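These protein sequences, in sequence, are chains A and Y. Here our numbering is used: the first residue of the first sequence is 1, the next is one more, and so on. Here our numbering is used: the first residue of the second sequence is 1, the next is one more, and so on.
The set of hints was computed from the structure by calculation and includes no laboratory data. Do not take every clue at face value.
No copy labels: a pair is met if it fits in one copy or bridges any two.
[Said to hold, decoys possible] Below, a list of computed lysine to any residue pairs in the SDA-like style, where the Cα atoms sit at most 25 Å apart:
1. 270 with 339
2. 270 with 323
3. 270 with 123
4. 270 with 110
5. 270 with 111
6. 270 with 19
7. 270 with 109
8. 270 with 114
9. 270 with 378
10. 270 with 126
Note that the coordinates shown come from a computational prediction; the quantities given were computed from them, not determined experimentally.
Protein chains: 2
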Amino acid sequence: MSGLLSVEEARARLLALFSPVGTESVPLAAAGGRVLAEDAVATRPQPPFDASAMDGYAIREEDHRAGNRLAVIGASAAGARFEGAVRPGTAVRIFTGAPVPDGADRVVIQENTTRVEDSVTLDEAAPGGTNIRPAGGDFMPGDRIAAPRRLAPADLALLAAMNIARPVLRRRPVVALIATGDELAMPGETPGPDQILCSNNFGLKAMLEAAGAEARMLPIARDTPESLTAAFDLAAGADLVVTLGGASVGEHDLVRATALGRGLDLSFYKIAMRPGKPLMAGRLGTTPMIGLPGNPVSAMVCGLLFVLPAVRRMLGLPEEAALRFPARLEAALEPNGPRAHYMMSRAEPEPGGWRIEAFGRQDSSLLSVLSRANALLVRPPHDPARASGDRVEFLWI
Amino acid sequence: MSGLLSVEEARARLLALFSPVGTESVPLAAAGGRVLAEDAVATRPQPPFDASAMDGYAIREEDHRAGNRLAVIGASAAGARFEGAVRPGTAVRIFTGAPVPDGADRVVIQENTTRVEDSVTLDEAAPGGTNIRPAGGDFMPGDRIAAPRRLAPADLALLAAMNIARPVLRRRPVVALIATGDELAMPGETPGPDQILCSNNFGLKAMLEAAGAEARMLPIARDTPESLTAAFDLAAGADLVVTLGGASVGEHDLVRATALGRGLDLSFYKIAMRPGKPLMAGRLGTTPMIGLPGNPVSAMVCGLLFVLPAVRRMLGLPEEAALRFPARLEAALEPNGPRAHYMMSRAEPEPGGWRIEAFGRQDSSLLSVLSRANALLVRPPHDPARASGDRVEFLWI
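All chains, full assembly: derive it from the sequences and hints.
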């Protein structure tokens, strides 16, 4: 298999075609799962004042003795502080989150007190914390959420607490999907006797959108230069053009010729992997283009291994070696050939880790198998025969 | 801590308030991540005909001998089959995915042939498979994708291949989020000196939407019956009303009183867990209501442990014990008290599994800590002291 690139080398070459897309300021409520493009910097402390962590009474530490009876001189509520000061022998009723009044340096929790009219008696002097959250204990002005970062739910809450109403995010990279082939009918149509349904573009669209891209599904391109040209025209403005099918060595391959006719600066990768025929990649003017195989499993696996990293790069996220997890092999495997094999598999938790079993049928046309898989068992080139119980590695899909 | 419910028991009681929402037929391109509500049944076989797995020549097995020279009598392309039959001594040029012509029962791959004008010579008789994908090898009429199922990208491709253009999905359950409190300002506003920013509802919204719900963020309800009443009125039509804050035992708790005034059939759970004050749950007429604590970390953890399972139930998904993963503890922990403790932690892969370290500060007001966490280390009630290297369990967040 000399002349074939490893998956890693092909991915590195392909990623060199990409750079981060532009940024946009987005309302916070719409920022979940999006990618922060500029550091978000707090301009205020949180909490903005010493705040009570409990419902109880704000007192002076010197008054903190079991049996001590204090005059209740007011109340401090969240949103409405007590404006006076706690003097010796006095207490202020206080609620969780409320500002601690001047003079007080402890909150006793209400369960440890007895209230009678305008006085409160401390039942016990509880050791330990003061039940006060100091100003700035969560964050201080200048504290930041560092970009790039994919925003998780807790990040949204933190941005809100920082009063960052419109964070600066990477815009969603736009990926145009062009399925090609005379044999394809769209779901909802009645396919002719020689036709099959177009499926790759639906799978890729869902995969790309879950990763933060916007996928534009274009009309199916037929196997004519005119139809392919029309599809490329419709892809104008996209950040990435992905073709599906037509990248093989067959005579019916027109995608390559048509793209070359439009000025494609072609890098064509022959990759030492299964599933996956040659991957086409290059630049159409300033726009990167990736040609994926037409077989559905190949298209989805190549989408995972090559297109998703490209989306991450466009989102400004660091390159991330796809995390490989160890697992215990359930059923023995034959020796692998010269190409890395990404086998459709099912991984299940077991005490202390994971067990995995590759499906018996691995043909790259079998969507029903891929749909049952939750993992790709990764076999390196020339991996020897594996016995049940061996340690192997897998990727989640 | 007698009288307190375990997390599991509180969750079971809470889930009894919920049932699956209705269904809707949705265009396939918009179905990614949604939940299939009715089995999707194939009405056609895939492939619909015996199809070539390779580019090459369709021949009869009896002609499969090294050196044999066959007359090429036509071509079968994907989408345009060869209408004749392959007779002894003949071959048909064929491309991947094309129908195999009558009479042929093997495809020889083109790399193993030599083509000269209208004849082709077989260079070698390759053993092994016929390179033919049999009709129905992927799926047959009547094969199904069983509901309920959250649709992964490969499922979308499979639905497309089955020609199911509008699968029947659960509609997205609508969750109304009501943040309460005089102390709250909305991001973008200038908070008063005693105010903090409203953050829980942004975090919850992102969490719920990632799980497949539609979150409606209502205006902040102030600590008056009128304001709370207005908020409940705005929540009309939601499948679930979630209030944030105001569920504590403090005098400023008006949420409970207002909801009771509107006919709330209250179940109030005191749960043996940290973080998390009492959880309020019940029914307002036919609409379930959950009252979450106001502290941001408590709200997010209770969202994860109680609201997400409710969303799953509304989506018709089976109850799923949150998957606990084993990990090696990095730094020793004190004995735990009588309540289960969900500690904000960082889990990182290591050879053979995961290692985890709980953050030193666990106060439920600390969003900056939650934002750095990727896991909750779960400590059962009365868990003894743990040493570095001990095996513990965690949940992903």
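Structure-based check of all given hints:
no., hint, verdict
1, 270 with 339, "within (11 Å within a copy, 58 Å between copies)"
2, 270 with 323, "within (24 Å within a copy, 40 Å between copies)"
3, 270 with 123, "between (78 Å within a copy, 24 Å between copies)"
4, 270 with 110, "between (72 Å within a copy, 17 Å between copies)"
5, 270 with 111, "between (72 Å within a copy, 15 Å between copies)"
6, 270 with 19, "within (23 Å within a copy, 52 Å between copies)"
7, 270 with 109, "between (70 Å within a copy, 18 Å between copies)"
8, 270 with 114, "between (79 Å within a copy, 22 Å between copies)"
9, 270 with 378, "within (18 Å within a copy, 47 Å between copies)"
10, 270 with 126, "between (71 Å within a copy, 23 Å between copies)"
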